[in-house]
Structure formats: C-alpha cells, structure tokens
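Here the sequence shown is numbered in the working numbering, starting from 14 and rising by one per residue.
Among the clues, some could well be false.
What the hints assert, rightly or not - Simulated crosslink set (DSS-like; lysine-lysine; CA at most 30 Å straight-line):
1) LYS105 x LYS37
2) LYS105 x LYS172
3) LYS179 x LYS195
4) LYS105 x LYS178
5) LYS105 x LYS181
6) LYS195 x LYS181
The set of hints was computed from the structure by calculation and includes no laboratory data.
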Amino acid sequence: MFRLVLLSSCLASIAFAQVVVTGKNGKTVKIGAGGGVDVQSGNKQVKVNTGAAGDDVEVSAKNDGASGTVKMAPGTVAVENAGPASVATDGKWVVHGQGRVEAHVCAANEDVEINGQGHTLTFTGPCRTLRVNGQGNTVTTDSAASIVANGMNNTVSWKTGADGKKPKLSISGMGNAAPQVK
C-alpha cells in the first residue's frame, strides 16, 4: 500500500512539473503544466499558452527584436504588435505592421517613415521629415520640418516646426489631417 501511495504521489508531481528539453544545437522546448509550450532558438522564440479556463489561447513570436501576439477567446481574435520591429537605418526610423504603440526620440535631422495601420506613435526631438502612409494611424510629434500624410484617416499632430517655423505640410488621400497642438 505504501508503494502505491508513493507511486501516485510521484506521478502527480510529474504531472504538474515543467519539462525542459535542450538539444545540442541550443534549441530549447519547454512544456508547462498550465498547457503552455515554448520553443526557443537563440533570440527567436514561439510561445503557445492556454488560459486558465482553457477557453483562451495566446500565440506569440519573437525574432531579432520583432514580436507579434495573437490572442483568441471564443468568438474573438486580437492581433497585437504584428510586423517587424521599428528600426533605424541610414538616418531613418521606420515603423511597419499594425497596432504598434511606441515612443521614439528623433535624433537631429532624422527622417521617420510609418507604414501600416492603427499605430499610435509619439515622437520627441527634432524630426526632419515625418512621412505617414497607410490607414488609421495617430502620430504626435514635438517638432518636424516636414510632414507628409498619405493613405486614409491618419492624424499627425505637431507642436512646432523646425527653427520655430510651421512645418512644410503635404496632405493627400482621404480623411488625413495634420493639426497643430499646444
């Protein structure tokens, strides 16, 4: 009888433990008691988690700083931070994807390009050119020499232009606006 109790106790402990397997190549697979699976190789990672009630599922991925999450509950799907991470290359800060909420400090004379939809972005510092493409983006900047709004329903709010002058505005597309804010 004692052996049976000990065996069932050990099996119960194993059932609630996390199992981690690491290969010779450095790839790691974790299977958790909460229904989650985590696969990682260097700075690349994929996670699948189920909610406590078992009704919700969340899948997230990371790749060299880019990340995205898909959340699914019965009858709904939500995508968060989809697309590549924002990057600075050759004096230009570029944002892609959808639904990013970010803040960035522009370096002197830095250009900013925003592509995609549904971003909420805040820029401080002296941006040279702020170009917004896509749809439904809300952008705020402290200072810009030039603001270009293409696409649909983008709002680019600005406080001052370069050297205290009004920025050069180029607004095209439908429902775009570039109001000055105090």
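To see whether the hints hold, each was checked on the structure:
{"no.": "1", "hint": "LYS105 x LYS37", "in the structure": "violated, 40 Å"}
{"no.": "2", "hint": "LYS105 x LYS172", "in the structure": "holds, 21 Å"}
{"no.": "3", "hint": "LYS179 x LYS195", "in the structure": "holds, 13 Å"}
{"no.": "4", "hint": "LYS105 x LYS178", "in the structure": "holds, 22 Å"}
{"no.": "5", "hint": "LYS105 x LYS181", "in the structure": "holds, 18 Å"}
{"no.": "6", "hint": "LYS195 x LYS181", "in the structure": "holds, 18 Å"}
Violation of the numbered hints given earlier is confined to hint 1; every other hint is satisfied by the structure.
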